[in-house]
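Engineer: Model the full assembly from the supplied sequences, consistent with the hints where possible.
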Amino acid sequence: MSIITAHNIHRRFGKGALEVHILKGIDIDIQAGEFVAIMGKSGAGKSTLMYQLSVLDEPSEGTVVIDGTDVSELREQDRTAFRLNTLGYIFQNYALVPDLSAEENVMLPLLMRGRGWLEARAAAENALASVGLGNKYKNLPAELSGGEQQRVAVARAIAGKPRIIFADEPTANLDSVSGQQIIDLLSDLHQQSKQTIVMVTHEPEYAAPCDRVLYMEDGLITKELSPSELQQL
Amino acid sequence: MRNLRIGLLLGFRQIQRASIWTTVLIIFVMTLTFLNLIAVSGVLVGLVEGAEQAVRENALGDIIISAQDDEDRILETNTVVQAITTYPEVVDYSVRYSGNAIAEANYKERRDLSGERDTASLIVQGIDPAREDSMSNLSHLLRDGSYLEADEEGYILLGAYYLKEYADDFGDIFDTIDAETGDTIRLTVGDVSKEFVIKGIIESKVDEVNLSAYIPEREFRRVFGRLDRNADQIVMRLADPAQNQAVAEHMRESSIGNYAKIQTYEESLPKFLIDIKNTMNVLGTFIGSIGIVVASITIFIIIFINAVSRRQQIGILKGIGIERKVIEIAYVAQAAFYALTGSLFGALLTYAVLIPYFAENPIQFPFSDGILVADPEGTFWRFLTLFIVTLIAGLIPAWLIARQNTLNSILGRK
Ligand SMILES: Nc1ncnc2c1ncn2[C@@H]1O[C@H](COP(=O)(O)OP(=O)(O)OP(=O)(O)O)[C@@H](O)[C@H]1O
Ligand SMILES: [Mg+2]
Chain A
1 MSIITAHNIH RRFGKGALEV HILKGIDIDI QAGEFVAIMG KSGAGKSTLM YQLSVLDEPS
61 EGTVVIDGTD VSELREQDRT AFRLNTLGYI FQNYALVPDL SAEENVMLPL LMRGRGWLEA
121 RAAAENALAS VGLGNKYKNL PAELSGGEQQ RVAVARAIAG KPRIIFADEP TANLDSVSGQ
181 QIIDLLSDLH QQSKQTIVMV THEPEYAAPC DRVLYMEDGL ITKELSPSEL QQL
Chain B
1 MRNLRIGLLL GFRQIQRASI WTTVLIIFVM TLTFLNLIAV SGVLVGLVEG AEQAVRENAL
61 GDIIISAQDD EDRILETNTV VQAITTYPEV VDYSVRYSGN AIAEANYKER RDLSGERDTA
121 SLIVQGIDPA REDSMSNLSH LLRDGSYLEA DEEGYILLGA YYLKEYADDF GDIFDTIDAE
181 TGDTIRLTVG DVSKEFVIKG IIESKVDEVN LSAYIPEREF RRVFGRLDRN ADQIVMRLAD
241 PAQNQAVAEH MRESSIGNYA KIQTYEESLP KFLIDIKNTM NVLGTFIGSI GIVVASITIF
301 IIIFINAVSR RQQIGILKGI GIERKVIEIA YVAQAAFYAL TGSLFGALLT YAVLIPYFAE
361 NPIQFPFSDG ILVADPEGTF WRFLTLFIVT LIAGLIPAWL IARQNTLNSI LGRK
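Those protein sequence lines, which keep their order, are chains A and B.
For the first sequence, this note's numbering assigns the number 1 to the initial residue and increments by one for each residue that follows.
For the second sequence, this note's numbering assigns the number 1 to the initial residue and increments by one for each residue that follows.
Heads up, some of the hints might be wrong.
[Stated by the list, open to error] Chain B side only, calculated, beta carbon under 8 Å to chain A, not exhaustive:
no., residue
1, R2
2, I322
3, T406
Because the hints were derived from the structure by calculation, they are not lab data.
We put the CB at the ideal spot given by N, CA and C, even for glycine.
Structural biologist: This is the structure in structure tokens:
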């Protein structure tokens, strides 16, 4: 069953003579439970594509249907609610609220979904424990290492059990050990709970646990590989 | 509800993690604003109110009975006094007779009959010394000498403005004589003259008192030939001054109303005093409004800088599905916190320190003991204005930043 169906996605920036055409008509179909990697050279348009798929941006042309909803038809407020209820995000720069403790950061989307305080806290502590931060609930982001912060971000993304998790270079700012930890977390999640994950990465070895690798060049998906084919690249 | 709770969580965590000195500074600014709003107009109004209080205490009391408009004096004064004493609310009263007389100071030393006579025209009040003292504390206003005794004769108290020595401070505007305590002066009413020894000098913040001379009523009647025993004014003090409206109304409907005019203290106030008071209030509000503008700009800048520097974070919050409203609430909550704590300190300072302090140590003005007046209702409305303006000053920058495109905020794009 398709969970993401994108058809003929174009994204242009600017107007008239200054217009740049970044995404040039992309078709994507991602199945529920798939772990998909998007790779490609810098500037190929990977992040731009992620924003279209994850309802953070609107394509200039084309449609994105997620979990049966045509998101291009949603109004701003509904897009926010859709992101809250259906999607989880792991950003490159951890993106935690610096004033909130690790636990409160994870609780935030849960509270926003209307969970009670205690219930949200229990779920947050669960999620933190599952990323190996069982003893750091009360730490502020500044009191955590980069790898730990990114694990908090993973916990925040998974705590609400979203339909899809988007991760744009989640390991870019981490050393290889911490980076591998994050990849392991995602791959466990994928294997144990059939979590749908879409991830951008530059490292072929991080794409190893993925089901499919989409290769982008100049605004188009030019190749679709299996991780083993990736090694020959 | 949910939005409010999450907004408050975000807002208060931000305050909690902010530098304590920044927070203290902002609260300090808000406290000053509050004081500016409450205390400045409070002192201005207090000036006038202090004057009013002095008049109420030293001269007019809570209810004033005087002659009806078409009469010279209070009719059937005795009956009226009898009636007054039946009111349990009346705790003190004084019956006053008054008339004009010429006082002459240097008539004994003046050998040369063609030399200039030292005279002044006085308003003389005939009083029962004990009653008057208990009513208006007259004996406490003595600047010099001593107070009248009930049974003695031939003594007079002079208001300070009648004496050259005191009145000179005010320039040459009063009709004065050059005399001091112990001197003998001659009082002349029509063709009756009598000598009085100046027993004391009275000085008050109230001009009417400074421009009065006091003698016992028995002597007054003799000198002024007032055989009908009808008085000019009866003033009284009530156990609860706030009841004067009701008591006066009752008196008007009773027999007293047939013989005299009954006014509450407030009714007897000259209009100009009320006008001044209102003017001071407007002036104070105006000065306070400038304070509000300054405070709201301060809050605006603080919240603006705060929100701009967290633009990316705000974008991410929206990215993971936090509603704009929540983010706005977070910043408005901070503004509310500053306004509330600032006002709280301001109110504490006003009511626990400033008002008691000025009550103890009034600012000395010639016409009044300046006190600080801040009635709770007025304070509340001013606080509410400050509060709402602050909330708006916090909301606008938060709204400006939170409405920006989510992705642009996250990526730091324009
Ligand atoms: N708002 C924009 N206006 C103009 N050009 C843009 C805008 N956003 C992205 N681009 C351009 O689109 C191209 C693709 O950008 P994108 O961020 O998607 O690349 P990427 O594949 O994620 O690269 P990287 O691996 O470096 O992250 C780049 O050339 C970039 O300059
Ligand atoms: Mg990118």
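Engineer: Evaluate each hint against the coordinates.
Structural biologist: Here's how the hints hold up against the structure:
no., hint, result
1, R2, "holds (6 Å)"
2, I322, "holds (6 Å)"
3, T406, "holds (6 Å)"
When held up to the earlier numbered hints, the structure conflicts with none and fits them all.
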